[in-house]
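Please work from the sequences and hints to get the whole structure.
Going by our numbering, the sequence shown opens with residue 81, and the numbers climb by one from there.
Please keep in mind that the hints were generated in silico from the structure rather than gathered at the bench.
Take these hints with a grain of salt, some might be off.
Claimed, not checked - If you anchor each label on the Cβ, the simulated ranges turn out as follows:
| hint | residue 1 | residue 2 | range |
| --- | --- | --- | --- |
| 1 | Pro328 | Pro509 | 18 to 26 Å |
| 2 | Tyr256 | Pro509 | 26 to 34 Å |
| 3 | Ala188 | Pro457 | 22 to 30 Å |
| 4 | Trp241 | Leu518 | 42 to 50 Å |
Heads up, the beta-carbon is just placed ideally off N, CA and C, and yes, glycines get one too.
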Amino acid sequence: MPRPIRSRRGWGFFKTIQPPKMNSARPNILLIHSDQHRFDCVGANQPFVPEGPGRLVRTPHLDRLAAEGRTYTHAFTPNPVCSPARACLQTGAWSSTHKCITIVGTEAYQPSDPKLPVLTQLLADAGYRVGHVGKFHGEVAGGPTDHGAEVYIGSGDYRKWRADQGLPPRPRTQGYFGEIDPVTPEQTGVAWSAREAEQLLERFAGGEAPFFLRWDPPEPHLPSIVPAELAEWFPPETLPPWPGFDDPLENKPAVQRRARRRGGVGGWTWEEWAPVVGRYLADVVLLDLQVGRLLAALDRLGLAENTLVVYSTDHGDMCGGHGMMDKHYVMYDDIMRVPLLMRWPGVIRAGETDDRFVSHELDLARTFLAVAGVEAPASFVGRDLVAATAGEATEPEREDIFAQYQGTHQGLYSQRMLRDRRWKYVYNPVAFDELYDLEEDPGEIRNRVDDPAAAAELERLRGRMEVWMAEVRDSLSGPLWVWKGK
Numbered sequence: 081m082p083r084p085i086r087s088r089r090g091w092g093f094f095k096t097i098q099p100p101k102m103n104s105a106r107p108n109i110l111l112i113h114s115d116q117h118r119f120d121c122v123g124a125n126q127p128f129v130p131e132g133p134g135r136l137v138r139t140p141h142l143d144r145l146a147a148e149g150r151t152y153t154h155a156f157t158p159n160p161v162c163s164p165a166r167a168c169l170q171t172g173a174w175s176s177t178h179k180c181i182t183i184v185g186t187e188a189y190q191p192s193d194p195k196l197p198v199l200t201q202l203l204a205d206a207g208y209r210v211g212h213v214g215k216f217h218g219e220v221a222g223g224p225t226d227h228g229a230e231v232y233i234g235s236g237d238y239r240k241w242r243a244d245q246g247l248p249p250r251p252r253t254q255g256y257f258g259e260i261d262p263v264t265p266e267q268t269g270v271a272w273s274a275r276e277a278e279q280l281l282e283r284f285a286g287g288e289a290p291f292f293l294r295w296d297p298p299e300p301h302l303p304s305i306v307p308a309e310l311a312e313w314f315p316p317e318t319l320p321p322w323p324g325f326d327d328p329l330e331n332k333p334a335v336q337r338r339a340r341r342r343g344g345v346g347g348w349t350w351e352e353w354a355p356v357v358g359r360y361l362a363d364v365v366l367l368d369l370q371v372g373r374l375l376a377a378l379d380r381l382g383l384a385e386n387t388l389v390v391y392s393t394d395h396g397d398m399c400g401g402h403g404m405m406d407k408h409y410v411m412y413d414d415i416m417r418v419p420l421l422m423r424w425p426g427v428i429r430a431g432e433t434d435d436r437f438v439s440h441e442l443d444l445a446r447t448f449l450a451v452a453g454v455e456a457p458a459s460f461v462g463r464d465l466v467a468a469t470a471g472e473a474t475e476p477e478r479e480d481i482f483a484q485y486q487g488t489h490q491g492l493y494s495q496r497m498l499r500d501r502r503w504k505y506v507y508n509p510v511a512f513d514e515l516y517d518l519e520e521d522p523g524e525i526r527n528r529v530d531d532p533a534a535a536a537e538l539e540r541l542r543g544r545m546e547v548w549m550a551e552v553r554d555s556l557s558g559p560l561w562v563w564k565g566k
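Right under this line is the structure:
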């Protein structure tokens, strides 16, 4: 029996509703796909997260998408690294299948397997006009125009625009910690790229063919280099710590202590982290303003009614969670759980909240093909989210969610994650495993892998992990090589 979709009327009151009918017309698709946006840093998601600095951010334009469409509360990335996650979206396949397991410029980088079909090319072949503005991270060989896009405007073009305006280069004196940019919000890179996306919308609006437009702002990925007027919105002394900040990392893999030392932040107090977090929140606000620009453009151009709008990101950001920077070597919800908002008037009912498990990049790839009327190749292993809402899903609801990680710039370190409603299990082939009771320990501080009281859950989850790894032909599949903790 599928889990009911719930309609939100304000915060806290939910009403079970019937699924809407499917729309037979092929919609336009606007995908807003940001970079390292934490789930708990969206206003509409605040009822579903514990206390923390993300509860202070206001995102009225993302909240508008939620109010006019659907919010997913349990969307998770299939891989918490930029290029591999984006390759999952383009190929519809797990990273162990597409083989883009780390980012450009690292020891083990390679683009996705060229034999795999690519989402944007499939859409272009089906008659969609495809455009891409913003970040491209080497997830496929070549560039976007080699895979169906008729237009690609990269984030790097902002530097030339900035110079042409007589503005100084974007400062980068504080490394990953961020700083103040001496420009106005309208002169920032995210505003520039949103204007480019808006112009592309105007160009596509004049044609007969439907379009698929990706806007991939590189925000709010650290470093957050923001105008002073926005940074002042979040005084450091007003920010509470993330729920897992005080993690002593006891009975955790040693690599996590090494990860905490990255960037020299190993001994940082919350008072030292709070200015970094405040600038990150300001970057989220700046991003939200530009989401509003594109929503207004859809209204102005008469495109809103027949455009499926999706907002998501590749994965989250530690940003001080567990005392760590960026991502890597961990599977905490700080980086695994992602915002996912969808709006399609007449198909997706306004105000829905869906708490089913979603593997977002994989499921979005399958969904885009489905609404475009394109038969998905066998390599696209995700699920059609629109069909699931309409009661037309052919697969049972997920009881849990999985993810893969193969390592990145600092070296390979494979991990696999399994998470259900209450428990999270992390398989670490070269260190001891992790087990968290998310109901009692939402900050994921206490590793219970050696707790006799949790032994039955550990055995159950390890069994599920082995089955899933075999099903997806994971390169690590087989009996799990288990290390003892402590």
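Quick rundown of the hints versus the structure:
Distance hint check: the CB atoms of Pro328 and Pro509 are about 24 Å apart, consistent with the given range 18 to 26 Å. Separation of Tyr256 from Pro509 is about 28 Å and conforms to the stated range, judged on CB atoms against 26 to 34 Å. For Ala188 paired with Pro457, a C-beta distance near 26 Å keeps the hint of 22 to 30 Å intact. As the Cβ distance of Trp241 to Leu518 is approximately 44 Å, the hint placing it in 42 to 50 Å holds.
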